[in-house]
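Now for the letters of each chain:
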Amino acid sequence: MKILVCVKQVPDSESPIKIDNDSGWIRMDEITEFKMNRLDEFALEEALVIKEASQNVSIDAITVGPGRSVEVIKRAIGMGADRGIHIFTEFEGYQNSLQISNGIAEFVRDRNYDLILTGAMSEDNMQGQVGPMLASRLGLPWATSVISLKLATDKNSVYVEREIEGGNRDTVVLNLPAVLTVQSGINSPRYPSLSNLLRANRQELKTIRAKDLAVQASREDLIEIVYPQKSRAGQVLQGSQEAKAAQLLEILYQKSLL
Amino acid sequence: MQRIVIIAEHIAGHIRSVTYELIAFGKKLQQLKSQSLEVIILGHEVTGLARKIADISGLDVTAIEHPEATTYNGELYGKALSVHLHDLQPAYVCVAHTSQGLDFAPSLAVELNAACITGIEDVVERDGGACFARPLFGGKITARVRPNSQTSILTIQAGIFNFRKDDAHTAGTVAIKSAPYKPRRTRSLGIKQIETDTAGLTEASVIVAVGQGIGNQDNLDIIYQLAALFPKSAVAGSRIVCDLNWLEYRCQVGVTGATVSPRLYIACGISGATQHVMGMRASEFVVAINRDPTAAIFQVADVCVVEDLTTFVPTFIKTYRKVKENI
Chain A
0 MKILVCVKQV PDSESPIKID NDSGWIRMDE ITEFKMNRLD EFALEEALVI KEASQNVSID
60 AITVGPGRSV EVIKRAIGMG ADRGIHIFTE FEGYQNSLQI SNGIAEFVRD RNYDLILTGA
120 MSEDNMQGQV GPMLASRLGL PWATSVISLK LATDKNSVYV EREIEGGNRD TVVLNLPAVL
180 TVQSGINSPR YPSLSNLLRA NRQELKTIRA KDLAVQASRE DLIEIVYPQK SRAGQVLQGS
240 QEAKAAQLLE ILYQKSLL
Chain B
0 MQRIVIIAEH IAGHIRSVTY ELIAFGKKLQ QLKSQSLEVI ILGHEVTGLA RKIADISGLD
60 VTAIEHPEAT TYNGELYGKA LSVHLHDLQP AYVCVAHTSQ GLDFAPSLAV ELNAACITGI
120 EDVVERDGGA CFARPLFGGK ITARVRPNSQ TSILTIQAGI FNFRKDDAHT AGTVAIKSAP
180 YKPRRTRSLG IKQIETDTAG LTEASVIVAV GQGIGNQDNL DIIYQLAALF PKSAVAGSRI
240 VCDLNWLEYR CQVGVTGATV SPRLYIACGI SGATQHVMGM RASEFVVAIN RDPTAAIFQV
300 ADVCVVEDLT TFVPTFIKTY RKVKENI
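Here the protein sequences come in this chain order: A and B. Note that the first sequence ends on residue 257 in numbering that gives the first Met the number 0; no numbers are left out. Note that the second sequence ends on residue 326 in numbering that gives the first Met the number 0; no numbers are left out.
Wrong hints could be hidden among the right ones.
Straight line, CA to CA, 27 Å or less: simulated DSS-like cross-link-like pairs of lysine-lysine [what the hints assert, rightly or not]:
#, chain 1, residue 1, chain 2, residue 2
1, A, Lys149, B, Lys181
2, A, Lys229, B, Lys27
3, B, Lys317, A, Lys254
4, B, Lys51, B, Lys27
5, A, Lys154, A, Lys34
Far from chain B, some chain A residues (derived; all Cβ distances over 12 Å) [stated by the list, open to error]:
#, residue
6, Arg108
7, Ser192
8, Lys243
Rather than coming from a laboratory, the hints here were simulated on the basis of the structure. Glycine included, every Cβ here is placed at the ideal spot set by N, Cα and C.
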């Protein structure tokens, strides 16, 4: 059984995000740390769980992104993926899901993966589109926001539960090959092991230049990025920690909340 | 004239309220550029629902009846809607940004060679065209995006656009169509109800909610201490805290958890991702404590405390006790 996991490198969620007026994008030099998109960790862990439960399972991890993204592939191998593929975009900025899914689809075609997994959404672009787009391009069935999955014993189909509003679950059986986007909480992603990390450093990654793939024109233009508008007063308390505590207490008293 | 098409969302024989929000969004889009507005509903025995939408909104509704669509099926939605929309050539297709809408919208975009813009929270005019606002980086940044294709598939966040019913309109028409497509690789088995005990969150008048900024599970103690200062209080968490098993899932506030509207909501170390905010934005008064001054939670807070919660919360409790002793 061949599994492909699509992973993405994103800024750490606690990293400050500032707008760079010159480039019209964010200031990349302000990003303190990059990491694997959290939901992609769950997707990869799910592949590793399948591999541990059966024989002859191989896992490839693929990413689309600039040079720095190599690190996320190394992490994936560190966690236990067998091979890594990097579609090199030579580009920092707003990434279009249509183009990302097109790049991955070009690579995947004729490679006979039985299962393609990815996170339900990336933390940076928050589009949630790559999984279903990839499936549609390849003519495969898909399910999003998967919180539970079980392969049939003959490995010809998969039963999944999709998390829907209010925590209820939509249940579906998909014929394999299929594309699943994974929701957090489906498992507990492991940390990379030292031996795997060493292997990741030794192992050669497959690198494909995005421009060598059939390029899909973008169907949208990023006009600008701005800081969001506040929907409430947002009084920012000033002073020492003690002073802020006293002010907050006063506010809550005045509002009869305490 | 260009068309705007709304895809109605329904579940278990009920029209979901987000459908009317999509209509409100469509009307706002209409104000930017004169376009026709119509609704499509797909499912099994949905003609009655179509009639209801036509009555309430005054819009013309097409019911696509499919005997197998007793429950949502992504493959069927993608194919059946794309066949129908291909004939209509709409400029915009408005879909709910929900577990259902986000499941089929990207597929529809591929089928129709359309742009796909998801998670829309606003629409503004730019150079005579519509430009859509959507969050990036957990809501720390807003992107304004303009499609450059003939057709655009849009998913619109729930709880933002208000539908107002006006009594003056006449009811819209209902047309019934069938979809010949049969899903081949996706078999829907229906909705599994999960126990909906929300740990008393919906009844609490004060909620102290905790996010990843808590750092580790041991620090939860100060959150319980803070909550104990308030009568009728409850402790809740963001999804990430529940994923880490630090709190039970029934304590989760957000799209996939509880939707709450307490008198006071204290968000401790919560980043304020859209999925969380949608569960708490109806709160009367919101205090946010986060050491990251750019955290999105501050956009929806009445009072912002830029501090590390693990030191600020104990300081606050101490201050409270000192004041109380002196009364």
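Return the numbers of the hints above that this structure violates; sort them in rising order.
5, 8
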